[in-house]
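> The residues making up each chain are set out below.
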Amino acid sequence: MERLKAALSYILIIVIILSLAVVLILSVGSDVPKSFMSFFRGIFGSLYGFSEVLVRATPLILAGLGVSIGFRTGFINIGAEGQIYWGAIAVTTTAYLFPGLPALIAIPLGIVAGFVAGGIWALIPGYLKARFGISEVINTIMFNYIAINILGILVRTVLKDPEYPLPMSSKLPEGFIFPLLMYPTRLHLGFLIALIAMVLVYVLMWKSSPGYKLRVVGLNQRASLCSGIPVKKYIVFSSLLSGGFAGIAGVGEIAGIHYKLLEGFSPGFGYVAIIVALLGKNNPFGVTAAGLGIAALQVGSLSMQRQAGVPASISWIIMGSIVLLILARSTLLTFFAEKEKEEKV
Amino acid sequence: MIETGLIAALTAFLSATLRMAMPLTLAGLGETFSEKSGILNIGLEAIMLSGAFFSFIIAFMTQSVLLGVCAGIAGGIAVSSIHAYLSIHCKVNQTIAGLALNFLIIGLTSFLFLIVFGKSTTLPECPVTPKIPIPLLSQIPIVGTVLFNQDLFVYFTFIAIFLAWFFIHRTEWGVSLHAVGENPKAADSAGLNVFRIRYLSTIANGFFGGLAGSYLTLGLLGFFMENITSGKGYIALVVVILGRRNPPGILLAALVVGAAEALQFRMQTAGIPVPSQLFTMFPYVITVLVLFLAVGKSREPSALGIPYIRSKR
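Taken in sequence, the protein lines are chains B and Y.
For the first sequence, the working numbering gives the first residue as 889, with consecutive numbering after it.
For the second sequence, the working numbering gives the first residue as 101, with consecutive numbering after it.
For the record, the hints were derived by calculation from the structure and aren't laboratory data.
Heads up, some of the hints might be wrong.
Unchecked claim - When the alpha-carbon atoms are kept at most 27 Å apart in a straight line, the in silico DSS-like pairs for lysine-lysine are as follows:
no., chain 1, residue 1, chain 2, residue 2
1, B, K922, Y, K219
2, B, K893, Y, K191
3, B, K1048, B, K1095
Said to hold, decoys possible - Quick partial rundown of chain Y residues pointing at chain B, CB under 7 Å, derived from the structure:
no., residue
4, A108
5, I206
6, W265
7, F267
8, I268
9, M381
10, V388
11, L391
Virtual Cβ for every residue (Gly too), placed ideally from N, Cα, C.
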């Protein structure tokens, strides 16, 4: 019975979301079947389209994994966007400092630099939460805006390409660039790194002692403290890991896609990563699946914008509604049941 | 000569500070009601954005500021009601519901904006509330010009601060509000309707948040663009913490951040040869510092963010 109810509620959510999509499509005066067709053609219609899903999923999975580690420990990390920016700054800076390195050293170095930079950017709000009890939600959001502006300053000053009038860095040296996996698509090494990260996070969180403690702290801080786990230390540790993975997402975007540091390279990956972590129930495999799903939603929406004239911001509406409906899932059925009762009376 | 220039600059700066502080104060007042009753709404950003959008669109279509403000308030209340239903009825995680609403409203407002105006390069403009100088008082140098040569929003905010303070600290309703946020079980036993009081206070949150959003478009800017609030809702949450959920304190806290924003605009236009981003991030840095300095000074309502379940002990 419970299973049936759960299945029913999910079907209900799908129905609501689909009807919402239809209403939105009709409201811009587009053709519904054509819009849905272009949505799916964008995802499955060509190898390039499908590879774009994987390309988009790469930063979402990496940052989503980071966010999920934070959520597991009770560190609500809304700052993945800023941590992605720091990962990008770190790999560019490293490339500037050591331009001649061979790929075998340069790529791991870039990833480590991104991990450290993103991690430190998250560690500051993590420490402020653990030591002083300051809301990490607000601090991480403020840190996003600060990071975006710091990047803006850097690409106009220290890291600016002097030969180019626009605010961006010069191209990364060969060694730091992620190899493509499937030429001529844009799929790059970052996707493999995301899959490795997925396994790593699983092993860390479920097969190691520190991971166990991270989860316990998230479940019950008081109980952890009583059983001798240094709660504050683990919150700081989780913030470091959380930001670190988001930082790697930033490295992937620069070294795998853009090859140079520029403003606005992330169309809100860090914010979407929060949704990805929530939908993936903070489980690394779930996060990966959610990352792929959300990426498909975005790629499909873009194709719908091009071919059927439906604004791509529809994907944000859908994502927000999905999260709200899933939150309210347990009460969805009772809501309708009550309605029926009332009607019968 | 130099002195008059200095006075004019100071007056302009203080006046800008006050105007920048107004949306934060209004949104902060609303959030105070909500948090006092135990509902933490991170979706304040969404409330403000919805208020900004709907006030703009109605003011644009009807050319009436008043109708615009009403639409903004309605837009704010609509968003806060969704959050209230999820938090009070469905008893979900309030932070996550608030965040999800932020995403939803960012998408919805830019979607609707595109539907109405298409992809035009020129931003459509709407009427802006005129300044109404108060006779005599506005003639006083500096203080008079800053305080009494403003628009109706500013005057209303000052009245609202007083009324909110009076309501929270001097009426029986205020006591009920505290009771529900501190100990809902006891409040329930004493015969207070916890759910109703929480719903009402979240409606107050939508009212003030929507008004704050309308002030952004109809008072300060005269136009709307995607994600126009750019974090102001989150900053207002900080203002609430720093102001210790007390209306006059919220005004002071908002003035601190408002001054940072006013200073930012001054510096940007002063022609100092550094990237403007250095100044753009100023208000956010100030917010972090302010939050740090306010450590331990603010006590949260005991039941903040915890859903009330009647049958549970």
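> Which constraints among the numbered hints does this structure fail? Numbers only, ascending.
As far as the earlier hints go, 3, 4, 6, 7 and 8 are violated by this structure, in ascending order.
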